[in-house]
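Q: Put together the whole structure using the sequences plus the hints.
The lines below spell out each chain.
There are 2 protein chains.
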Amino acid sequence: MINQFLYLVPLLGVVGLIVMAFKSAWVSKQDAGDENMQELAGYIAKGAMAFLKAEWRVLSIFVVFAAALLAYSGSVSSVNGIEIHSSWIISIAFIIGAVFSATAGYIGMNVATKANVRTTQAARTSLAKALKVSFTGGTVMGLGVAGLAVFGLGGLFIVFLKIFNVVEVNSNEMKTAIEVLTGFSLGAESIALFARVGGGIYTKAADVGADLVGKVEAGIPEDDVRNPATIADNVGDNVGDVAGMGADLFGSYVATILATMVLGQEIIIEKSNGISIDGLNGFSPILLPMVIAGLGIIFSIVGTWFVRISGEKSNVQNALNLGNWSSIILTGIVSFFLVNYMLPENMVLRGYEFTAMQVFYAIVVGLVVGALMSIVTEYYTAMGKEPVNSIIRQSATGHATNIIGGLSVGMKSTVIPILVLAGGIMSSYYFAGLYGVAIAAAGMMATTAMQLAIDAFGPIADNAGGIAEMSQLPPEVRERTDNLDAVGNTTAATGKGFAIASAALTALALFAAFVGVAGIDAIDIYKANVLAGLFVGAMIPFIFSALAIAAVGRAAMDMVQEVRRQFREIPGIMEYKAKPEYEKCVEISTKASIREMMLPGAIALITPIIVGFIFGPEVLGGLLAGVTVSGVLMGIFQNNAGGAWDNAKKSFEKGVEINGEMYYKKSEPHKASVTGDTVGDPFKDTSGPSMNILIKLMSIVSLVIAPYIAVGSQDKMGDDCCAKEKTEVSACCSEGDHHAEATKCDLNACSKMTKEECAMMCDSMGCSADEKAKCMSLYNDKGEYVGACMSSCGKKCTSKEECMSNCGEACASKH
Amino acid sequence: MINQFLYLVPLLGVVGLIVMAFKSAWVSKQDAGDENMQELAGYIAKGAMAFLKAEWRVLSIFVVFAAALLAYSGSVSSVNGIEIHSSWIISIAFIIGAVFSATAGYIGMNVATKANVRTTQAARTSLAKALKVSFTGGTVMGLGVAGLAVFGLGGLFIVFLKIFNVVEVNSNEMKTAIEVLTGFSLGAESIALFARVGGGIYTKAADVGADLVGKVEAGIPEDDVRNPATIADNVGDNVGDVAGMGADLFGSYVATILATMVLGQEIIIEKSNGISIDGLNGFSPILLPMVIAGLGIIFSIVGTWFVRISGEKSNVQNALNLGNWSSIILTGIVSFFLVNYMLPENMVLRGYEFTAMQVFYAIVVGLVVGALMSIVTEYYTAMGKEPVNSIIRQSATGHATNIIGGLSVGMKSTVIPILVLAGGIMSSYYFAGLYGVAIAAAGMMATTAMQLAIDAFGPIADNAGGIAEMSQLPPEVRERTDNLDAVGNTTAATGKGFAIASAALTALALFAAFVGVAGIDAIDIYKANVLAGLFVGAMIPFIFSALAIAAVGRAAMDMVQEVRRQFREIPGIMEYKAKPEYEKCVEISTKASIREMMLPGAIALITPIIVGFIFGPEVLGGLLAGVTVSGVLMGIFQNNAGGAWDNAKKSFEKGVEINGEMYYKKSEPHKASVTGDTVGDPFKDTSGPSMNILIKLMSIVSLVIAPYIAVGSQDKMGDDCCAKEKTEVSACCSEGDHHAEATKCDLNACSKMTKEECAMMCDSMGCSADEKAKCMSLYNDKGEYVGACMSSCGKKCTSKEECMSNCGEACASKH
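Sequence lines, in order, name chains A and B. Take any residue in the first sequence, count from 1 to its spot, add 43: that is its number in our numbering. Take any residue in the second sequence, count from 1 to its spot, add 43: that is its number in our numbering.
Accuracy of the hints is not assured; some may be wrong.
Identical copies carry no separate label here, and so any pair may be met within one copy or between two of them.
Taking lysine-lysine pairs in the BS3-like style, the calculated list, with each CA pair at most 30 Å apart, reads [what the hints assert, rightly or not]: (1) K634 / K428; (2) K714 / K258; (3) K693 / K428; (4) K172 / K356; (5) K798 / K314; (6) K258 / K89; (7) K258 / K708; (8) K709 / K258; (9) K428 / K709; (10) K72 / K175.
FYI, nobody ran anything at the bench for these hints, they're computed from the structure.
A: Printed below as a string of structure tokens:
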């Protein structure tokens, strides 16, 4: 039975990849338009590949270096006598994760750079055809990401079960298998960080640079073929919005499933006659998230069938919504049966009891949170709604009030998402403990293929419009692509809401997994050093955003200089007589993005390692909480402010009414709105979306190092302890007077005895009832020796000082 | 001995107030200039008073209402049998706190509106004279605030000791006295919130409104007498920067001392022959912060003697720095002797042991943190330094890049302050536990009088310049006031760094006090509901900022409409033939600020109450941590971004070089910098500084309600418990099998017995050793019954389910 499920998972991934291959072939077969269009599309495809290659060159160095480090750390079998359940194979998992993530990005970008020009060509005939081509392109991306993730994770899991000879769920071999599997997630998430940050810098440097000189200084329209930066701008859409987004969700998808598996591994399934009552040898909580993810691919494929329109007047948004909701609802329904079929009726995780039905409720919570986050994001960023209208009104009094309005909208827009998220955390936990939080995230991510299809369709349509403009095609073509592009802007915004929600839940699931692996059972912000960790953690999204924004600013300035130079030095550009040197601009964006992604990337990767090894797991826990909370807030703030500014500007294209007067493009309020949009660009496409990966990556790095720091700090305690005098060591077991030796009962001796032995010793030595009670209290319910502090703070410690430093006054004061 | 110190405190406050009265009289005696100047100053004074009166009218309703609530809650002597140590007198303390805070604001504003015109007049003779008048005005403010705070706190403390017949430090009477004293702090902080937010909205609505129409549309210079909003703008400087800042620091000052006292009350001082070894009946840790504050007033007075310059070319900044550093160093030196004289050699707080010298080290940490925060803030906001220069360079490419640059500088500027703060928390805790954190804050705040004198001097000089401009005095007068104003801008920025650092440390001290009073001993963010609280808490500074910024935007638009109307409808304004209706603009700002301060104020006051009573103290603790962390970050970000934008704009007045070209006022880059400055105005003067009070007020509200929710949630447990079946109730006392009734020992009965009685019962019933051990483990070291969970998480709970919901798995898994 277990094998069926085990092999079903990668199989479902393969199904997704096969469907993807067919869809990809279909896109390639479509008409790519006339020679001019093909030439322009060729520039874009070439630019995109140039970026990918440059990025891969740099990242391969990083991957080799990190893999070597992982191989070394994985080969450490024990630190100071305490066993570590890992293997050098983690480095292989890491490399595979990195390669899969890069491949997912490549597949998406490859199809997107084909689909763009084909969409333009299709738009010459009908809107329906154009939607079909662009959405199929998006579907290829979605299925590629989801298929690779499920195939990779499911396949590696089978391989690792074999390699490490896993028989029992609650065994050390299983721990090793899962620790090694985190390498896959780490590889995926690392590449995602650089793809997202690098891609984000690329796209906005090109966009801002192109706009500043082209639109503002030279007065030529957007996507004008005379603008040297226009190709780089279109490449950027593919690099940032397609490959970056794909790598981001690939990472979230993998990390969520993995975190659920880590927690699932801790769930104890009752046995009846030696056989686990789930009929899956106790593997059911581990398999569940993978199976749901696998089936989610199928439902996403089903969902795509609903995305179709008939006439020119059809509502594209509704078609996409129908597809999305179909796959979400199907996932929900099937989860109900799956949960009841796979899971036993009752489970316990870290003392929290829950039922199979409650796991289903937690999945529903995840689906609802995802949907609500998308809806709220749409409200705050959509044209015609009050938030965007308020920015439009404030554009009437100038640039500054437009900016103030956008910042205020962005900050306000954090309220409901945070309440939704807080409610989601509390209710999914209420239903099924920490497993509930993780499975809620997994449920939400199940339809990632569909989500990504909808997301990736936007930039393809945007590119198609760009090619139409550059090829000077008839206006109805641009009209059709504009229609698709407008929908794409909304889906981009809602996709970001989905991405940040998934990142938040993923981070929390990883956080919970980290706590378990690190061997701590509380992160107490009442302790000064943990609180300091929280402060430092919360600051990281600020510096990360600052670096990302500043990078865009610097790269855009380089771009401006280059465009100005070309206008100045190449005669005839303006009269369409000479071709601009597009590749120079592509090169500037490529170089800048690779250069500028280093520092933020390093901060995300190195901070948890430094903090974890110096200050221990609990302070690192505080740091992670700070990063997550502040990252989610900064992400929502920046995404929504940027989205609202963008649509406020777009509203002027059709004309807006402010205080009874109509304003159009080129009016003063419109200029103010362009300022807002330019400020919003790096917010919504560079730093805002990077927050997702920042919080996930820092959590996953922490999870990977957790076994080492858990052991490391316990070991440190041991050393401290030995250095102390014997009286101090036994102080823990004495009461008030600090002189255990003085009583006739050597309570300290109990640490080497079972509960029964200790009780016997007490009796034989004639201890008083009080003294014996004291001894007995050193054992937990299972009769295991845990020491006096254990009951206060979950940590074993043998002197007051040690207890103070590990557990805080709460514990120490009880001595 | 104790009485000497007790009476010394209010006496030092009185000394401060007497010196203040002399300085105030001196300012009044100075020449107020010609009739025209006096008329303009009269408008400003009248406008300022009009605002204060309007504000007081609204706040008096709030105060009466809140006092009634407090009187009711204070009169509750017990909730369900558990004693509450409070009294209806807390409402009196609250009213006194509110009145003192309002008075402090009034004193400052009164002298500032006199000193401004006298500074203008003094500037006709010499820079030294002008500095003397303006700085003396600031000194009056500083001494007023510090004097009232020390006198109020010290005086009330003596009164409450008498009223409640306090004899012992660790007594219930003492708890009552201190709980009642928190009312004083709550009153002060509540008024401060409205003063800061209302004042902040007022000043920026007037400023932005005046600039948008005056400078941008009508093309008349700043502070031009023809601009109807110019008086409101100058009133705003007094309302926001003087009264608001004063109330803010008054609140911090009081709250810090109080938090240290609350923690000091918990310190156990050893007795020798029945007499506390500190010679102060164990009061020394409580008295220390008050005595330091009192002596800080004296050293601030000494410090003012150093603030003097001789010639026209003297460096004003250096003179202020000399004064500031003198008082800081004097405080440090005297603290050394004071600590060693007053405190016993060794102390213990919540299990953390520390020495008197370590308390001194903690004070030094506080002084260093305050100084570093000021220095860092200056770096990020000062003219000529790299951060401001980077914004200037980015102004060359337009409005948008200027904004991006400023936002990026603001975010970057959080890094060092957060690291300093985190280091400060860790090291002050390391030295002297939580008392160390609190006393560090108290040490930092000791020289508040001096800090405020330097702060308040800025707006006075600014006003003086305004009056010089409006009265069309000769250019050398304006030059002298501009010199002072420029220094004032720097001191305003550094003052904000000091204020946010003090607010952060104060909030942490209050946080620690809250934890103690609420009876919890951990705030574990690993628990889902606490983490949810952290998320919601971190969101509050965002919505608070959004509301404050949006309020400024709205009020500024009203102002713009009014100014436009006057220019249109009053003929001859532009030709100096008709006087604008200044009072109309004053009224708009007044009304808007009063209206708009309500919602943010309500959020700050009500959120902790709702969360505390519904979700209990630990979730509220999570909320407070979230508010503090995110509030500090948002405060630093907004203050520094605003300050940097402001000085980037100011740099254009003398001309700046960008890429080899010189740019001056009215150039395109200058216009971009004006946009940044306008965006930065509400950042740095409304929402940024409000963060200080937000985090402090929410902490102090929590501290005030702490006894009620501590009891309240325990009581709720009791209720839940009763509703449960008896088997469940006693499950906690049984082991594994959940059938306590089945054993012959009714462990549950122990809850009504002393430890001895229970032990006897066990013996008489023939309980097994295990059963008796179980019973004995329900008592703490003092022999008090605490229940089984108490030892795990500090909370009493009587069933597994209840334990789960209150204490998390850490506890529940032990059942």
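Q: Against this structure, judge whether each hint is valid.
A: Cross-check of the supplied hints:
1. K634 / K428: Classified as between; 29 Å across copies, 39 Å inside a copy.
2. K714 / K258: both (11 Å within a copy, 19 Å between copies)
3. K693 / K428: The answer is within: 13 Å in one copy meets 30 Å, while 38 Å across copies does not.
4. K172 / K356: within (13 Å within a copy, 77 Å between copies)
5. K798 / K314: within (26 Å within a copy, 40 Å between copies)
6. K258 / K89: Within one copy only: 25 Å inside a chain, 50 Å across chains, cut-off 30 Å.
7. K258 / K708: Both ways: K258 and K708 sit 12 Å apart in one copy and 26 Å across, limit 30 Å.
8. K709 / K258: Answer is both: 11 Å inside a copy and 23 Å across each meet the 30 Å cutoff.
9. K428 / K709: Within one copy only: 23 Å inside a chain, 37 Å across chains, cut-off 30 Å.
10. K72 / K175: within (13 Å within a copy, 84 Å between copies)
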